Amino acid sequence: MNETLSTTTHSSARRRLAQWWPYLLILGLLVLFPLLAGATIGDPAAAQDGAGLSSLMQRAESGAAKFWQGMIIQILIFAIFAMSYDLLLGYTGILSFGHAMFFGTGGYAMAILIGRNFNWSFGMALLAVILIALAQSLIFGVLSLRVKGVYLAMVTLAFAEMFYILAEAGDFRKYTGADDGLHGFPVPGWLSATDHRTRFYYLTLIFFVAAFLIIKRLVDSPTGKVMVATRENEHRATMIGFNTFWYKLTAFVAAGVFAALAGALSAMYLVSVTPSMLSLGRTIDVLAMTIIGGMGTLVGPILGASIIQLLGYWLERWFGASWTLVYGILFMLIVIFLPYGIVGTLRARSFQIRDGWKQLQQTLAGK
Amino acid sequence: MDDSILIETRELVKIFGGLRAVDGVSMTVRTQTLHTIIGPNGAGKTTFFNLLSGNIRPTSGKVFYKGRDITGVPPYRRAHIGIGRSFQITNVFPNLSVLENVRLAAQAVGHDNYKFWADHRRFHKYEERAQAILQQVGLASQTNLPARLLPHGGKRKLELGILLASDPDLLLLDEPTAGMAREEIPMLMEVIRSVRETGKKTIILVEHKMDLVMNVSDRISVMHQGQLLAEGTPLEIAANPTVQKAYLGDLYGDLTEGK
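Chain order of the listed sequences is A and B.
Here our numbering is used: position 154 in the first sequence is 154, and no number is missing along the way.
To convert, count from 1 in the second sequence and add 1000; that's our numbering.
For the record, the hints were derived by calculation from the structure and aren't laboratory data.
It cannot be assumed that every hint is accurate.
Chain B stretches covered by chain A per the calculated footprint, using a threshold of three residues with CB under 8 Å from any CB of chain A [what the hints assert, rightly or not]:
| no. | stretch |
| --- | --- |
| 1 | 1088 to 1097 |
| 2 | 1104 to 1117 |
Short, incomplete list of chain A residues facing chain B, as computed with Cβ under 8 Å [claimed, not checked]:
| no. | residue |
| --- | --- |
| 3 | R217 |
| 4 | L218 |
| 5 | D220 |
| 6 | S221 |
| 7 | T223 |
| 8 | G224 |
| 9 | K225 |
| 10 | V228 |
| 11 | N233 |
| 12 | H235 |
| 13 | R236 |
| 14 | M239 |
| 15 | I240 |
| 16 | N243 |
| 17 | T250 |
Everything numeric in this text was worked out from a predicted model, so none of it was measured.
Glycine included, every Cβ here is placed at the ideal spot set by N, Cα and C.
Model the full structure from these sequences, guided by the hints.
Structure representation (structure tokens):
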């Protein structure tokens, strides 16, 4: 009896490991990345004292190692933003054209509150960002979730434009910097991404992992299952007893809060916020990331954020100003040939891939 | 209040534009009976059903369920007080597995829907219930198939499974056999019969196939042009001259004239 029990626990632990190892591998790589980068592409001259870990850390703060940490920071920030969008579009089926509203408001709230007008501490400002996002997403969720589909897209677009105009308006220049935005606001020294790139990297990584775990838990919960049911067939979901409005609002609020956190991190990293953070273009970016990676997969948007950031960087280096043209063509090819995004298509085809793999093995075995 | 009456409508009227789709229908359905509504196309059967399930609001009149006025109660609340309905046109969650389709319906009437911090797999009772239901409707071998890949007959069975999962007291079945292959129909009717006998359920059935309903129904109501033309036991209905003229006559009149 005892033996059976321990075997089952053992096998369930093994099953869990089998399910989680790709995530753990990627997390491990991300955790070690600053050290690996320091050892390989960091500037050896940057290591002034001693050897071992401290010299590695110093090398990580220099040259290409510093640059690529910055790249990953931006990828992780956009991945948080894209995961939040996936919760809306991929899991609940809400097509919002105004998601940048939360990203931008989070960024502006952070910049203004830690700025010279208020001088709040980072922790207080972060708490305020979350509370503001909660209130904002509740209000605009209640207002816009009354309609569906294209109409919802239009309503959310209108709300986001409202905030864009507000940020650009000269009337609040003292707080928002109007069309210039805010730059060089006093980010606390211990968190400066310029002086302590690796520290900021780990801060972003913690936020990213937390966002991933929380959103994953949400979509795997009974509540998340109702969100998926709402996406699949809202009418039937209502008929079997779900008041779908509340589930859509839950998704909208959670998505709004994570988008705002991504925006706040972006503001801290770049030490700059501009009205473009609130623009339709920013929503389209995150929409493209979600679609390329695969809607309703959560991992897909992370991949999408990575691809778009890296493509943007490399294409600009190779093609100069005309890189957006190449990017547009690539985007079209992905949408045509991978209609469910990269991860979505892989998952949909996993049966065929497994079958094909089996056949290949049989052929190789000479059967 | 008579306890044996489960649902009752009083002078129910629904007007679409100028059309009186349901025109003053008063009907009582007793608990644990199978009550069938028949009538030619356009008689207002589906509109009447939509009024019972709350999909549309009546222009006038009232609906009472277990003695309580539920005329203005929204559909998602009706599921919680024990009213469930199936649809004439298949209405499932196409990309979710057969099991998940039914599991969701079981979860819907539970009290764990807002537990967003817990993994849904922890709530075994819903999955076990879904498995049992799928066994009952004959889909146990296809639990992991996405619902959209089921053949039409399978989707009809799933439709019934979703309905049963929420364990309603009153089942509103809108042509459950619509479009099914002839050889699959007896199996579905058998499920309906067994549900009624073992689960102490009340069933209101809309059906076109007269031969099916004659055997299983306790009572039959005939609708015609939005109104209740006649009501009685299957034998009474079959013998009713008005019904023969209005309903059976409408259907077979052309054939008879042709001879």
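Hints and how they fare:
| no. | hint | result |
| --- | --- | --- |
| 1 | 1088 to 1097 | holds (count 6) |
| 2 | 1104 to 1117 | holds (count 11) |
| 3 | R217 | holds (6 Å) |
| 4 | L218 | holds (5 Å) |
| 5 | D220 | holds (5 Å) |
| 6 | S221 | holds (5 Å) |
| 7 | T223 | holds (4 Å) |
| 8 | G224 | holds (7 Å) |
| 9 | K225 | holds (5 Å) |
| 10 | V228 | holds (7 Å) |
| 11 | N233 | holds (5 Å) |
| 12 | H235 | holds (7 Å) |
| 13 | R236 | holds (5 Å) |
| 14 | M239 | holds (6 Å) |
| 15 | I240 | holds (4 Å) |
| 16 | N243 | holds (5 Å) |
| 17 | T250 | holds (7 Å) |
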